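Read top to bottom, the protein sequences are chains A and B.
Counting from 1, position 372 in the first sequence corresponds to residue 372 in the working numbering; the numbering is continuous, with no gaps.
Counting from 1, position 70 in the second sequence corresponds to residue 70 in the working numbering; the numbering is continuous, with no gaps.
These are calculated hints, taken from the structure and not from any lab test.
Take the hints with a grain of salt, since some may be wrong.
Covered stretches of chain A (in silico footprint by chain B; criterion: 3 or more residues with CB under 8 Å from a CB of chain B, positions within the stretch not fixed) [unchecked claim]:
(1) 241 to 251
(2) 385 to 391
(3) 416 to 423
Just some of the chain B residues that point at chain A, by a computed CB distance under 7 Å [to be verified]:
(4) Ser66
(5) Arg152
(6) Glu154
(7) Ala158
(8) Thr174
(9) Gly262
(10) Pro263
(11) Glu264
(12) Tyr279
(13) Ala280
(14) Leu281
(15) Asp283
Have a look at the derived ranges for each label pair, beta carbon to beta carbon [claimed, not checked]:
(16) A:Arg425 / B:Asn90: 22 to 30 Å
(17) A:Glu220 / B:Leu100: 35 to 43 Å
(18) B:Leu162 / A:Gln337: 52 to 60 Å
(19) B:Ala45 / A:Ile344: 51 to 59 Å
(20) B:Val101 / A:Gly131: 52 to 60 Å
(21) B:Leu230 / A:Gly184: 56 to 64 Å
Note that the coordinates shown come from a computational prediction; the quantities given were computed from them, not determined experimentally.
Where is the CB? At the ideal position from N, CA and C, for every residue including glycine.
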Amino acid sequence: MRKRQRVLASVAGAASLALVAACSSGPGGDGGTIQFLAPEDPAFFEPLIEAFEAAHEGYTVEYTQVPFDQYNSTVQQRLSAEDDTIDVYAVDQPRVPWMAAQGLLEDLSDVEEEARAATTEGQYSTGIHDGKLWALPVWNSTQLMFVNQDALAEAGVEGPSTDPDERWTWEETAEAAEAAQEAGTEWGLLLEQTDYYYQLQPLAESLGGGSGVVGEDMLEQDVANPEWVRAMEWFGATFEDGLSPRGVGSFETSPLFADGDVAFFVGGPWDLGGFADSDVDWTVAPMPYFEGGEAVTPSGSWSWGVNPASQNKDAARAFLEYAALDAEGNLASTERQTIIPANIEAAAEYLPRVDTLAGERSAGASDLITYEVQNTAVVRPVTVGYAQFEEVMNTAFADIRNGSDAASRLEQAGEQVDDAWEPLR
Amino acid sequence: MSGPVARAGGRAHTAPGPRRGHRGTPWWRGTAAVALAFLLPSLVALTLLRLLPGATALWGSLHHTSLLSGESFVGLGNYLNLFSNADFRNAVGVTLLFTLVVNPLQIAVSIALAVLYTRRRMAGAKVWRALVILPIATPPAVSAVVWSVIFRPEGGLANALLAVVGLPPQGYLTSPDQALASIIVLLSWIGVGYWMLFLIAGINDIPTDLYEAAELDGASPARTFLSVTLPLLRRPLSFVLVAATVSNLLVFAPVQILTGGGPEGSTNLLMYDIYSRAYALGDMGRAQAEVVVLVVITLVIVAVQFRMLRSED
Numbered sequence: 001m002r003k004r005q006r007v008l009a010s011v012a013g014a015a016s017l018a019l020v021a022a023c024s025s026g027p028g029g030d031g032g033t034i035q036f037l038a039p040e041d042p043a044f045f046e047p048l049i050e051a052f053e054a055a056h057e058g059y060t061v062e063y064t065q066v067p068f069d070q071y072n073s074t075v076q077q078r079l080s081a082e083d084d085t086i087d088v089y090a091v092d093q094p095r096v097p098w099m100a101a102q103g104l105l106e107d108l109s110d111v112e113e114e115a116r117a118a119t120t121e122g123q124y125s126t127g128i129h130d131g132k133l134w135a136l137p138v139w140n141s142t143q144l145m146f147v148n149q150d151a152l153a154e155a156g157v158e159g160p161s162t163d164p165d166e167r168w169t170w171e172e173t174a175e176a177a178e179a180a181q182e183a184g185t186e187w188g189l190l191l192e193q194t195d196y197y198y199q200l201q202p203l204a205e206s207l208g209g210g211s212g213v214v215g216e217d218m219l220e221q222d223v224a225n226p227e228w229v230r231a232m233e234w235f236g237a238t239f240e241d242g243l244s245p246r247g248v249g250s251f252e253t254s255p256l257f258a259d260g261d262v263a264f265f266v267g268g269p270w271d272l273g274g275f276a277d278s279d280v281d282w283t284v285a286p287m288p289y290f291e292g293g294e295a296v297t298p299s300g301s302w303s304w305g306v307n308p309a310s311q312n313k314d315a316a317r318a319f320l321e322y323a324a325l326d327a328e329g330n331l332a333s334t335e336r337q338t339i340i341p342a343n344i345e346a347a348a349e350y351l352p353r354v355d356t357l358a359g360e361r362s363a364g365a366s367d368l369i370t371y372e373v374q375n376t377a378v379v380r381p382v383t384v385g386y387a388q389f390e391e392v393m394n395t396a397f398a399d400i401r402n403g404s405d406a407a408s409r410l411e412q413a414g415e416q417v418d419d420a421w422e423p424l425r
Numbered sequence: 001m002s003g004p005v006a007r008a009g010g011r012a013h014t015a016p017g018p019r020r021g022h023r024g025t026p027w028w029r030g031t032a033a034v035a036l037a038f039l040l041p042s043l044v045a046l047t048l049l050r051l052l053p054g055a056t057a058l059w060g061s062l063h064h065t066s067l068l069s070g071e072s073f074v075g076l077g078n079y080l081n082l083f084s085n086a087d088f089r090n091a092v093g094v095t096l097l098f099t100l101v102v103n104p105l106q107i108a109v110s111i112a113l114a115v116l117y118t119r120r121r122m123a124g125a126k127v128w129r130a131l132v133i134l135p136i137a138t139p140p141a142v143s144a145v146v147w148s149v150i151f152r153p154e155g156g157l158a159n160a161l162l163a164v165v166g167l168p169p170q171g172y173l174t175s176p177d178q179a180l181a182s183i184i185v186l187l188s189w190i191g192v193g194y195w196m197l198f199l200i201a202g203i204n205d206i207p208t209d210l211y212e213a214a215e216l217d218g219a220s221p222a223r224t225f226l227s228v229t230l231p232l233l234r235r236p237l238s239f240v241l242v243a244a245t246v247s248n249l250l251v252f253a254p255v256q257i258l259t260g261g262g263p264e265g266s267t268n269l270l271m272y273d274i275y276s277r278a279y280a281l282g283d284m285g286r287a288q289a290e291v292v293v294l295v296v297i298t299l300v301i302v303a304v305q306f307r308m309l310r311s312e313d
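Just chain A, same shape as in the assembly (with noise of 0.2 Å):
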């Protein structure tokens, strides 16, 4: 008996000190292993992958998707506690000073010649803080208004053309929208991101708003001024009126144009790929600008860095280069899914493609997509405090979305965003 007590003790002490060393001691390097963390769906980088493994002997890569909702929290949670089990990840354009000035990305200013020949100056940009390169981009974006001519037809209205110089307004599209609710169609107008930054920074930009970050370090907020305010009110009305469905969540609005239930939606070049299989006979415009302000359109879209506690950082950038740096890896990782590349390379090869994803309907998508792209872009505002602006002002569209008032509720977002980059300063 006393024997077998001290078995099991014996057992049970090395248990202990077994839960003491893996405490201690992280995993450590893979060899040639890369750890991959994104959003996306994993079949979109098989293609990617795939290359990378054949053009490079010996690396594999493993991929983990985190969900978007969760991705930046997420991605936030784990690099801050010196996860060394990621090597390479996405990190929102916006948010590559952010990451950076916590030291959440690994220095990549070695490749800042090859890296400003292969992309855009505006796309190469988004990867630059405090004078030195943190990410690559890996695609760019801009929205595009898909027109449900099925739902037009029934009212008796003739959608807008894909012309840039034919653009409609936010008013004509509501009206229109209205007239094919009226002649059956269940929703009016839907935006793609209901309720994200990237794609309602326009609607106050058309007015004249502005981004909303001011200031020479641009850590001052103006999310509260009239235009803004008066953007804000559209937006809310959408929802009041009807047009627009409260309880459909970002991200979760595609299908239901791809099921014929809405006349207008504004979503990104990704839904070209998408609403290629949707029985609706839709065609592409432009996105609507506000009567008398601006034409203008989101842009902008993920990066990839490493993260400085890989251990496999050489394997980790040798992919990382890859995906961005080298056109026939860029336009692998486009290979699934509809995305402009930001590989200047890449994107020549690929845009022409876009017009014929889907048949007819998508024609004029190619030339429309270039059209904004290098004419009505916006970037979203360059600030190590974006991610605290990005995630309140999100919260505040979400409450205005619901019915909160659009002057007070942008002026608690204000002084929210205020606070928000207090330990900033």
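Given the coordinates of chain A, work out where chain B should sit on it, guided by the hints.
What follows is chain B alone, placed relative to chain A:
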């Protein structure tokens, strides 16, 4: 443990060298060492997973981290800053209101169901009991998604049921006045079955002759419940009360998935506010101060509950 060690201590005066246990065996071969070895995993886990993070949070809450000036000691500055912050005060208010409603509600329904499924002869009681327990096996994220569809203002099941009885559609999770109540319904759907299990076990432990005596005395079901079931259920009930309180103070997933603390901060429970402050706003100092505040609130509530239960004894 104290016996052999005390004796070993006494021998140490006359026999220098390693302390020796019972019948001259060294202490590390005695039962005390065996007991210590068995306790070691728990002690190590307690230290590494509870005490150390707790101490780290307390230490971090006394520091301010700035991108420009780095980390500096600010004493109670983070706490003062928190209490002057309207959003934090709102989160404390929402959490206290939530605690005051959700715990009595869940426990009252759990007791009612536990009595119904044990004391009353109900047709198909085992099937009903299984159905009530079933939500426990559903992951919180899945439950949240299921209820998001039920609560959807346009075309959701809840509004469809209201329409059947001629009532107008409600906003549920999109309404500042209804979102917290909607979260409470969701959590009770999960929690009631779980707490009911402990209470059923407690009721089954009550001797049946007490019920027979009550029946012979002509006690009504309500009197039997108040004079027999409830007093003898006090021990499991006190466990359920404390465990439910702590569990509900730590609610996070449904808020993060369904409301993000909104609309207008109406579901911004402290756990979500801590997460948001730490990982969305990157303000670790104040987030850690908020952790300490939450722990203090929890300890105060649990201490009050223990005191109330003790005075009843």
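Hint check:
Requiring three or more residues with a Cβ within less than 8 Å of a Cβ of chain B, the coverage given for the stretch 241 to 251 of chain A holds, as 4 such residues are present. As drawn, the stretch 385 to 391 of chain A meets chain B at 3 residues by the rule of a beta-carbon pair under 8 Å; at three or more, the given contact holds. Requiring three or more residues with a Cβ within less than 8 Å of a Cβ of chain B, the coverage given for the stretch 416 to 423 of chain A holds, as 4 such residues are present. For the restraint placing Ser66 (chain B) at the interface with chain A, the shortest Cβ-Cβ distance is roughly 5 Å, inside the 7 Å limit, so the hint holds.
At about 4 Å, the closest approach between the beta carbon of Arg152 (chain B) and any beta carbon in chain A falls short of 7 Å, and the interface hint on this residue holds. Interface restraint check for Glu154 (chain B): the shortest CB-CB distance to chain A comes to about 5 Å, inside 7 Å, so the restraint holds. Evaluation of the Ala158 (chain B) hint against chain A yields a violated restraint, the C-beta minimum of about 11 Å exceeding 7 Å. Annotation: Thr174 (chain B) was flagged as interfacial toward chain A, and the flag holds, the nearest CB pair being 4 Å apart, inside 7 Å.
Checking Gly262 (chain B) against chain A: minimum C-beta separation of about 5 Å stays under 7 Å; hint holds. For the restraint placing Pro263 (chain B) at the interface with chain A, the shortest Cβ-Cβ distance is roughly 4 Å, inside the 7 Å limit, so the hint holds. For Glu264 (chain B), the suggested interface contact is upheld, since its CB lies about 5 Å from the closest CB of chain A, less than 7 Å. For the restraint placing Tyr279 (chain B) at the interface with chain A, the shortest Cβ-Cβ distance is roughly 4 Å, inside the 7 Å limit, so the hint holds.
With its C-beta approaching chain A no nearer than about 4 Å, Ala280 (chain B) sits inside the 7 Å limit, and its interface hint holds. The restraint placing Leu281 (chain B) at the interface with chain A holds, with a minimum CB-CB distance near 5 Å, inside the 7 Å limit. Because the closest C-beta pair between Asp283 (chain B) and chain A is about 5 Å apart, less than 7 Å, the hint holds. A beta carbon spacing of about 24 Å between Arg425 (chain A) and Asn90 (chain B) agrees with the range 22 to 30 Å that was offered as a hint.
For the pair Glu220 (chain A) and Leu100 (chain B), the beta carbons lie near 40 Å from each other, so the given range of 35 to 43 Å is met. The supplied range of 52 to 60 Å is broken by Leu162 (chain B) and Gln337 (chain A), whose beta-carbon atoms lie about 40 Å from each other. At about 55 Å, the CB distance of Ala45 (chain B) to Ile344 (chain A) agrees with the hint of 51 to 59 Å. For Val101 (chain B) paired with Gly131 (chain A), a C-beta distance near 54 Å keeps the hint of 52 to 60 Å intact.
For Leu230 (chain B) and Gly184 (chain A), the hinted distance range of 56 to 64 Å is satisfied, since their beta carbons lie about 59 Å from each other.
Of the numbered hints given earlier, the model fails hints 7 and 18; all others are met.
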